[in-house]
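There are 2 protein chains.
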Amino acid sequence: MINEIIELIHTKQYSHLKEILSEMEPFDIAALYDELPEQHMPLLYRLLPKETAAEVFVELDSDSQEMLIKGFSDNELKEVLDELYLDDAVDIIEEMPANVVKRILRHTDIEMRSQINNLLNYPKDSAGSIMTIEFVDLKEDMTVQDAFTRIRRTGLDKETIYTCYVTDKNRILLGIVTAKELLLAEEDCIISDIMETNPIYVNTSCDKEEVALQLSKYDFLALPVVDNENRLVGIVTVDDAIDVIQDEATEDIEKMAGIMPSEKPYLKTSIVDIFKQRIPWLLLLMVSASFTQAVISHFTDALDKLSVLTLFIPMLMGTGGNSGSQASVTVIRGLSLDEIEFKDIFKIIWKECGVAILCGVTLAIATFLKLLIFDHVSITIAIVVCAAMASTVFFSKLVGCTLPLMAKKIGFDPAVMASPLITTIVDAMSLVIYFNIATAVLSF
Amino acid sequence: MINEIIELIHTKQYSHLKEILSEMEPFDIAALYDELPEQHMPLLYRLLPKETAAEVFVELDSDSQEMLIKGFSDNELKEVLDELYLDDAVDIIEEMPANVVKRILRHTDIEMRSQINNLLNYPKDSAGSIMTIEFVDLKEDMTVQDAFTRIRRTGLDKETIYTCYVTDKNRILLGIVTAKELLLAEEDCIISDIMETNPIYVNTSCDKEEVALQLSKYDFLALPVVDNENRLVGIVTVDDAIDVIQDEATEDIEKMAGIMPSEKPYLKTSIVDIFKQRIPWLLLLMVSASFTQAVISHFTDALDKLSVLTLFIPMLMGTGGNSGSQASVTVIRGLSLDEIEFKDIFKIIWKECGVAILCGVTLAIATFLKLLIFDHVSITIAIVVCAAMASTVFFSKLVGCTLPLMAKKIGFDPAVMASPLITTIVDAMSLVIYFNIATAVLSF
Numbered sequence: 002m003i004n005e006i007i008e009l010i011h012t013k014q015y016s017h018l019k020e021i022l023s024e025m026e027p028f029d030i031a032a033l034y035d036e037l038p039e040q041h042m043p044l045l046y047r048l049l050p051k052e053t054a055a056e057v058f059v060e061l062d063s064d065s066q067e068m069l070i071k072g073f074s075d076n077e078l079k080e081v082l083d084e085l086y087l088d089d090a091v092d093i094i095e096e097m098p099a100n101v102v103k104r105i106l107r108h109t110d111i112e113m114r115s116q117i118n119n120l121l122n123y124p125k126d127s128a129g130s131i132m133t134i135e136f137v138d139l140k141e142d143m144t145v146q147d148a149f150t151r152i153r154r155t156g157l158d159k160e161t162i163y164t165c166y167v168t169d170k171n172r173i174l175l176g177i178v179t180a181k182e183l184l185l186a187e188e189d190c191i192i193s194d195i196m197e198t199n200p201i202y203v204n205t206s207c208d209k210e211e212v213a214l215q216l217s218k219y220d221f222l223a224l225p226v227v228d229n230e231n232r233l234v235g236i237v238t239v240d241d242a243i244d245v246i247q248d249e250a251t252e253d254i255e256k257m258a259g260i261m262p263s264e265k266p267y268l269k270t271s272i273v274d275i276f277k278q279r280i281p282w283l284l285l286l287m288v289s290a291s292f293t294q295a296v297i298s299h300f301t302d303a304l305d306k307l308s309v310l311t312l313f314i315p316m317l318m319g320t321g322g323n324s325g326s327q328a329s330v331t332v333i334r335g336l337s338l339d340e341i342e343f344k345d346i347f348k349i350i351w352k353e354c355g356v357a358i359l360c361g362v363t364l365a366i367a368t369f370l371k372l373l374i375f376d377h378v379s380i381t382i383a384i385v386v387c388a389a390m391a392s393t394v395f396f397s398k399l400v401g402c403t404l405p406l407m408a409k410k411i412g413f414d415p416a417v418m419a420s421p422l423i424t425t426i427v428d429a430m431s432l433v434i435y436f437n438i439a440t441a442v443l444s445f
Numbered sequence: 002m003i004n005e006i007i008e009l010i011h012t013k014q015y016s017h018l019k020e021i022l023s024e025m026e027p028f029d030i031a032a033l034y035d036e037l038p039e040q041h042m043p044l045l046y047r048l049l050p051k052e053t054a055a056e057v058f059v060e061l062d063s064d065s066q067e068m069l070i071k072g073f074s075d076n077e078l079k080e081v082l083d084e085l086y087l088d089d090a091v092d093i094i095e096e097m098p099a100n101v102v103k104r105i106l107r108h109t110d111i112e113m114r115s116q117i118n119n120l121l122n123y124p125k126d127s128a129g130s131i132m133t134i135e136f137v138d139l140k141e142d143m144t145v146q147d148a149f150t151r152i153r154r155t156g157l158d159k160e161t162i163y164t165c166y167v168t169d170k171n172r173i174l175l176g177i178v179t180a181k182e183l184l185l186a187e188e189d190c191i192i193s194d195i196m197e198t199n200p201i202y203v204n205t206s207c208d209k210e211e212v213a214l215q216l217s218k219y220d221f222l223a224l225p226v227v228d229n230e231n232r233l234v235g236i237v238t239v240d241d242a243i244d245v246i247q248d249e250a251t252e253d254i255e256k257m258a259g260i261m262p263s264e265k266p267y268l269k270t271s272i273v274d275i276f277k278q279r280i281p282w283l284l285l286l287m288v289s290a291s292f293t294q295a296v297i298s299h300f301t302d303a304l305d306k307l308s309v310l311t312l313f314i315p316m317l318m319g320t321g322g323n324s325g326s327q328a329s330v331t332v333i334r335g336l337s338l339d340e341i342e343f344k345d346i347f348k349i350i351w352k353e354c355g356v357a358i359l360c361g362v363t364l365a366i367a368t369f370l371k372l373l374i375f376d377h378v379s380i381t382i383a384i385v386v387c388a389a390m391a392s393t394v395f396f397s398k399l400v401g402c403t404l405p406l407m408a409k410k411i412g413f414d415p416a417v418m419a420s421p422l423i424t425t426i427v428d429a430m431s432l433v434i435y436f437n438i439a440t441a442v443l444s445f
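Chains F and W, in that order, give the protein sequences. When we follow the working numbering, the leftmost residue of the first sequence carries the number 2, and every step to the right adds one. When we follow the working numbering, the leftmost residue of the second sequence carries the number 2, and every step to the right adds one.
Hints in this document: simulated from the structure, not taken from any laboratory. From a predicted model like this one, the values you see are computed outputs, not experimental measurements. Keep in mind that a hint or two might mislead.
Which copy is meant is left open, because identical chains are indistinguishable; a pair holds if it fits in one copy or across any two.
Stated by the list, open to error - Derived pair list, reagent style DSSO-like, types lysine-lysine, alpha-carbon separation capped at 30 Å:
| hint | residue 1 | residue 2 |
| --- | --- | --- |
| 1 | K79 | K181 |
| 2 | K170 | K159 |
| 3 | K277 | K218 |
| 4 | K409 | K277 |
| 5 | K269 | K19 |
| 6 | K19 | K218 |
| 7 | K371 | K218 |
| 8 | K159 | K51 |
| 9 | K269 | K103 |
| 10 | K181 | K170 |
| 11 | K140 | K159 |
| 12 | K51 | K265 |
Work the whole structure out from these sequences, hints included.
Shown next, in the form of structure tokens:
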């Protein structure tokens, strides 16, 4: 595909190129442009029809956007900006260096500039920061016919026309009416008779993850956002909610693996940036491994006397770590999806204790057989290892399920409490259990 | 809230109850019902208006659905079934025991029964299994006015009317036109003039994860599904796509933590079922820890001579495991989101090697300082541990990034290759590296 495009550029077959591009989705065009050699971008971009151009521009990665903006004439820049939805413009501005931002703001009119500034002022990750202010608003005394007239007049520039918002003269949200309801109603129906009152809405400061969850829970196409005076200021549309859901899942997964989350896709992130995402946890966990080291060194005597005990350290630590992270990951994901709350803590502990006993006993029996049949250790040693195994599994599950809940309660991020940190705690704990049982049974 | 409802039931204030329920979203009503004592459910369910009742029914968990169905009169059952969208009906049927399924099928008419059977026959996790067959289809020679007439006549029972599908007489998909385009067009426009040709579509056998990714990529509200003869047979709507995205993320997270994925929420899953999800990997990983055990036992002589070496086993194994899973988790997530493909393997290895060298050197220096300053070990031992540290980090990252790619290539699930399995490989590897360096440098 790319080679074909480059070939067409070189042979100047622009009308053929235009034709190919007109058949493609904006997302695919953007993906193609991002892979093309830089020098072809401005030319190709100018081959796009105006509306498509704006849609493609939004989907480009920020390096390409910056490159294009720098090459734009003032007129071209103004044209693109006029076509962009405000929330997309703000997303782009947030990624640009200061001089580009200045140039962009210089080419927007006063009203748009103040709206952009407003949006830029909402806290990162809030509903305000991801909402769009281009929605269809109706009045409650309009007829269905009036509503359609309004939609036809203003709809082209709105991000969605499928959910319309009914407000009073102070812009307070009174109700919601969908395009489906409008289409299926009689033309002379009054909006207030068909609108749904008590609509679900969120505040501008609401966390964007919460917004996305609400949208997905209620199967809405858009969710209204109000300010502190309950005035309707914007809406979050379902396509933005999907992006949030995917980003948050990625972030959770990264945190669980001890990676500082980043917003850039992996292949676009430089080696140094990836290094910076990963080294903090590696260093921290390396240092915290001193605990395990301290435990082992405290029991050096025991190990010296019976070095066979060393053999089972990795197995015990590994099983403990795995058991713990199974429990923690389950709880963290449940918290993220709002399926679990802090008040469920006793139900969860009860459940995990049950699971822990079943897992612990099964693993202990399996280990016992393995030790006797394959490893030919003495029955005493086998008993020590199996008792340590069962206890480790039990306590690991307990730590794994409670720690994320505690973290959430005191306002920390539960995902950070996951695998790496819990593994460290569980590692030290499993050794303490192991050596204490060994010392007691073998009476060193 | 629940106590208030129960109080209202006991005092028989049904009209007040009806009023409260009429203000609530179906999702919230279902959440409320799922928490109520069973005996109140049928009564409360009968207080709902017919359309809301069907929406609530869909959101209930399957135990409650089963309970309600068993209590329904034949007439009631028929009423609910008539209101359900077919894809929802199929989802419900899939969760019911055989006798309930039989009763459901007995109360659907022949046409619906055959449609349900069709949907039930699509492979699990395919586009066919999650699509809805209730969409608006138009003909290309219709005018915009004809289209609106058709939407008004049939729209009430369609899951979405916002994307309409233009088909020819053989039901081949010709194009797509959105309700927005229809609303903004002149009434006498011909559909074929305003429809978008070359629409993006998927086959019924396409994986549902792929379907959801396409939908989110192109910001569509629905994606058409065609059969092997290219006939339009259904659509997947954005709300179902969101559910798929969330479920797939949960599944990936579970697999990364060595848990067999389940579709039930944690709090609804029994202890025995959770045990069954978790024990296979725990057993497998316990057995595979025999490798580490074998490595240690091979080097028992070295350890006996210099037991201080034992102290650093957990730190090396832990850092190796963490480094490896950082790399693997990043690659797995990238694969899931379609950001990474197998053809990127050399780019990725190159990147990971860079990151690994930076991380390895940083960690080695930090360890070196820590060993000399806090642990007071000899310089020779410190060098051995640090060299082992740097090499372990390097090879862990390499294994971590290549294994998921290889798995994907040969058709295995990359997520299963993540943390637990890689950790085991890395554990054994880090010990081999450590002891070999120790033997070489300290020349036992």
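Each hint, compared with the structure:
Taking the shortest Cα distances, K79 and K181 sit within 30 Å of each other only across copies (26 Å), while inside one copy they are farther apart (35 Å). In the homo-oligomer, the alpha carbons of K170 and K159 lie at most 30 Å apart inside one protomer (20 Å), although the nearest pairing across protomers, at 35 Å, exceeds that limit. Taking CA atoms no more than 30 Å apart as the test, K277 paired with K218 passes between copies only; the shortest distance there is 29 Å, against 36 Å inside one copy. In the homo-oligomer, the alpha carbons of K409 and K277 lie at most 30 Å apart both inside one protomer (26 Å) and across protomers (28 Å), since each shortest distance falls under that limit.
In this homomeric assembly, K269 and K19 come within 30 Å of each other (Cα to Cα) only inside a single copy, at 28 Å, whereas the closest approach across copies is 55 Å. Proximity of K19 to K218 under the C-alpha cut-off of 30 Å is restricted to the inter-copy arrangement: shortest distance 22 Å between copies versus 42 Å within a copy. When the C-alpha separation of K371 and K218 is checked against a cutoff of 30 Å, the pair qualifies neither within a copy, at 48 Å, nor between copies, at 50 Å. In this assembly of identical chains, the alpha carbons of K159 and K51 lie at most 30 Å apart only when taken from the same copy (17 Å versus 34 Å across copies).
Taking identical chains as interchangeable, the C-alpha atoms of K269 and K103 lie at most 30 Å apart only when both belong to the same chain, with a minimum of 25 Å there against 54 Å between chains. In this assembly of identical chains, K181 and K170 lie within 30 Å of each other by CA distance both inside one copy and across copies; the values are 25 Å within and 27 Å between. In this homomeric assembly, K140 and K159 come within 30 Å of each other (Cα to Cα) both inside a single copy, at 17 Å, and across copies, at 27 Å. Within a single copy, K51 and K265 get their C-alpha atoms as close as 28 Å, which meets the 30 Å cut-off; across copies the closest is 47 Å, which misses it.
Checked against the numbered hints given earlier, the structure breaks only hint 7 and satisfies all the rest.
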